[in-house]
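Peer 1: Knowing the structure of chain A, use the given hints to seat chain B on it.
Protein chains in written order, with our numbering: chain A, 1 to 427; chain B, 1 to 427.
Misleading hints may appear alongside valid ones.
One copy or two, it doesn't matter: identical chains are merged, so the pair holds either way.
As the list claims (entries may be wrong) - Derived DSSO-like pairs (lysine-lysine); straight-line CA-CA distance at most 27 Å:
(1) K211 with K22
(2) K299 with K52
(3) K30 with K211
(4) K172 with K30
(5) K30 with K86
(6) K52 with K22
(7) K106 with K30
(8) K30 with K54
(9) K30 with K315
(10) K57 with K22
(11) K106 with K299
(12) K163 with K266
(13) K315 with K106
(14) K166 with K266
(15) K106 with K57
(16) K211 with K86
By construction, these hints were calculated from the structure, which means they are not laboratory data.
Protein chains: 2
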Amino acid sequence: MIYIAVMGHGVVGSGVVEVFYKNLENLSAKCGSEMDIKYILDIRDFPDSPYKDKFTKSFDDILNDSDISIVVEVMGGLEPAYSFVKRCLLAGKSVVTSNKELVAMKGFELLSLSRDNNVNFLFEASVGGGIPVIRPIAQCLAANDITEIAGILNGTTNFIMTKMIKDQMSFKDALCLAQSLGYAECDPSADVEGDDTCRKICILASLAFGKHVYPRQVFTQGITGIHLEDVSYAESLGHAIKLIGRAVRLYDGHLSVTVYPALISKDCQLASVDDVFNAIMVRGDATGDVVFYGKGAGKLPTASAVIADVMDCVKHISARKYLYWQDGEDGYVADYRLDEHAFYVRGTSQIDVTSAMLGGLVAGASAEVLDKIRETFGTVRFVGRQDANDGEIVFITGVMREAAFTQALDRLKDFLNPESVLRVMDY
Amino acid sequence: MIYIAVMGHGVVGSGVVEVFYKNLENLSAKCGSEMDIKYILDIRDFPDSPYKDKFTKSFDDILNDSDISIVVEVMGGLEPAYSFVKRCLLAGKSVVTSNKELVAMKGFELLSLSRDNNVNFLFEASVGGGIPVIRPIAQCLAANDITEIAGILNGTTNFIMTKMIKDQMSFKDALCLAQSLGYAECDPSADVEGDDTCRKICILASLAFGKHVYPRQVFTQGITGIHLEDVSYAESLGHAIKLIGRAVRLYDGHLSVTVYPALISKDCQLASVDDVFNAIMVRGDATGDVVFYGKGAGKLPTASAVIADVMDCVKHISARKYLYWQDGEDGYVADYRLDEHAFYVRGTSQIDVTSAMLGGLVAGASAEVLDKIRETFGTVRFVGRQDANDGEIVFITGVMREAAFTQALDRLKDFLNPESVLRVMDY
Chain A
1 MIYIAVMGHG VVGSGVVEVF YKNLENLSAK CGSEMDIKYI LDIRDFPDSP
51 YKDKFTKSFD DILNDSDISI VVEVMGGLEP AYSFVKRCLL AGKSVVTSNK
101 ELVAMKGFEL LSLSRDNNVN FLFEASVGGG IPVIRPIAQC LAANDITEIA
151 GILNGTTNFI MTKMIKDQMS FKDALCLAQS LGYAECDPSA DVEGDDTCRK
201 ICILASLAFG KHVYPRQVFT QGITGIHLED VSYAESLGHA IKLIGRAVRL
251 YDGHLSVTVY PALISKDCQL ASVDDVFNAI MVRGDATGDV VFYGKGAGKL
301 PTASAVIADV MDCVKHISAR KYLYWQDGED GYVADYRLDE HAFYVRGTSQ
351 IDVTSAMLGG LVAGASAEVL DKIRETFGTV RFVGRQDAND GEIVFITGVM
401 REAAFTQALD RLKDFLNPES VLRVMDY
Chain B
1 MIYIAVMGHG VVGSGVVEVF YKNLENLSAK CGSEMDIKYI LDIRDFPDSP
51 YKDKFTKSFD DILNDSDISI VVEVMGGLEP AYSFVKRCLL AGKSVVTSNK
101 ELVAMKGFEL LSLSRDNNVN FLFEASVGGG IPVIRPIAQC LAANDITEIA
151 GILNGTTNFI MTKMIKDQMS FKDALCLAQS LGYAECDPSA DVEGDDTCRK
201 ICILASLAFG KHVYPRQVFT QGITGIHLED VSYAESLGHA IKLIGRAVRL
251 YDGHLSVTVY PALISKDCQL ASVDDVFNAI MVRGDATGDV VFYGKGAGKL
301 PTASAVIADV MDCVKHISAR KYLYWQDGED GYVADYRLDE HAFYVRGTSQ
351 IDVTSAMLGG LVAGASAEVL DKIRETFGTV RFVGRQDAND GEIVFITGVM
401 REAAFTQALD RLKDFLNPES VLRVMDY
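Bound-form chain A, shown alone (with noise of 0.2 Å):
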């Protein structure tokens, strides 16, 4: 009999203990062996539950215990997280975690401590909730030479940006919705402003490009600044506005890994993922592009993918999965204003708009201005829309690193008072 323990009894946690349950027979059926959860771990008092012998407020009660092999961390925060997980790779108890923070604070020093402690620290639920990705990206793309990842991570966000896109509600109102619907958090802030992608985007590039990427190493920008008007020019462009984490291993070995919004073409799988769906690319010398595709959050596909790494560990009880990256290092993620890109600007013009309109395409603003900025940017892509505000300006330069853009931009200052800027894709 394999006995586990499971540390924390919120909704992914709660929804473990049930999905275990519920498929318990099929579950030992499939691993070959017997298994049962003797503890579960929670400061909180559950007198309802079916499972209340087995609560516990006390860890050293797992810590303790040398029946308890497996160890699930479904607590979330970095502590006591770290500490627990630590203490029990030293003990020789695997741990499987859905902790994204955890992960991508520590992932370095956990899976080293598995490592020489002959035990398993499994994550798959930490990344796009119930879709298979980890794995995946370790066993069956291990023949490729990953060059890049690129994905939607957080269902939060896509389902606000959604919202923005397919009903024109305001940024406010989306979130607004979001949060009444359970989606989103009362401080939303680790979701809209990127936070919660940079931990996964993280995960992810560790484990593709094989060493460890802090968050701390990540430009970071969430979707707060992102307008109606920006959504609508990214339509009429055939594009969609999407929170996009991205890893790209450069020719010199560094990464360039950022979270931002960005237009990407609605050719692009990644532009079809609405409401709370993830979708994750992965882009390889031999597959081409892969795409996986599903929900990215919620209580029974995040328990189910905790789940599946248990049994991993339940088959593997004895032979350790070879899950491991290397520690990171300053400057091994490249300064992001290396990166280059064809860049969205929507400004106003600051000068009187005296001046004819240049075919009713750009409304109110003068010859002028459009003369300066092509004079700044050499050729741009001036965009229009009907209905346009007084003197605002749209257009798309060509690509170009982030330093030089952010230089140009802030020469036009007196002509151009930049409202938003957003990266364009070139997928």
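Peer 2: Same frame as chain A, now just chain B:
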């Protein structure tokens, strides 16, 4: 040192050797073992190959060499692949194959042999080329009750359908183009008649539901009967026509497994899968819908999947992977005539067109015929289009059994000559 033999040096086989040597250093590092290809089996001569010293025409060289612990079978076709693979497994060698015919016909027997001889029989490349799908279904989704798998599993037919939909090419012209681009063989019947899709859905259904499904048990229809008229009607309904391989678990434990072109809503992720791409949707009780998308065929994608399996064998050289299903049985797959769908019917009315047009909706169809259709099928939805042919009638039925539908259509035979019948999926 782990020695590998590759049987077959066609498109996939030569890709395997190419990807193997290109990434050898990286692969060895990831596996923690040195490895090399010792033999390449082919009846042809390759005097210009950089690996010409490894070629042999004798299978016995591989079978009798105790150095060889892993054999890659990429010959295709049932024989001699089946005999060779069987003898390798009996001799204690692990086998990796991309041969969908072999797995669809002999999967249970070969999995049993591999289990009895404590070696691996792996076949990630047999479905979806470079898309990881066999392993994710077996492992990551193991904690789910899978209720349905549906996929676009054949790149050639999807290319043809895409050309029909996007460029209004006829089936014949699109097939010609596919042949000239090397996507379709001179004899394209295995693709366009649905046999290839059938083999793949057999493998997926066997794996997901635990019992072997044989191709002869699967109702299979190809795309040769699809006309541009149908594509255009589908479009006007907000649907796309795709060749779908589908396996659904029924309430009584039986399966419905079918292959046919069907109308799917453009809101479904499968509808946006174009050209030679494949996608597999897996519906689980906990995860909801998960979709795997990528290039379903081609030299390098398939080779990379083969090599990932080889690496898995190397890593688990003494620990067999848990991949197994039971034998199937007659009656396990239910008669497709018990399945329920809505149906799309395009026909011409056979009686003189003298009556008034129905508000212009159905070109030239008499009110009498329309009444007959309503009388026979109950509530139906008539669909019109511009420039419809005289007497052309298109309607969508409510959800009904295949058997009842066939009978009803037969009762209409004096009034309607059916030219095209397609199932309408509920997604």
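Peer 1: Checked against the structure, which of the hints given earlier come out wrong?
Peer 2: 4
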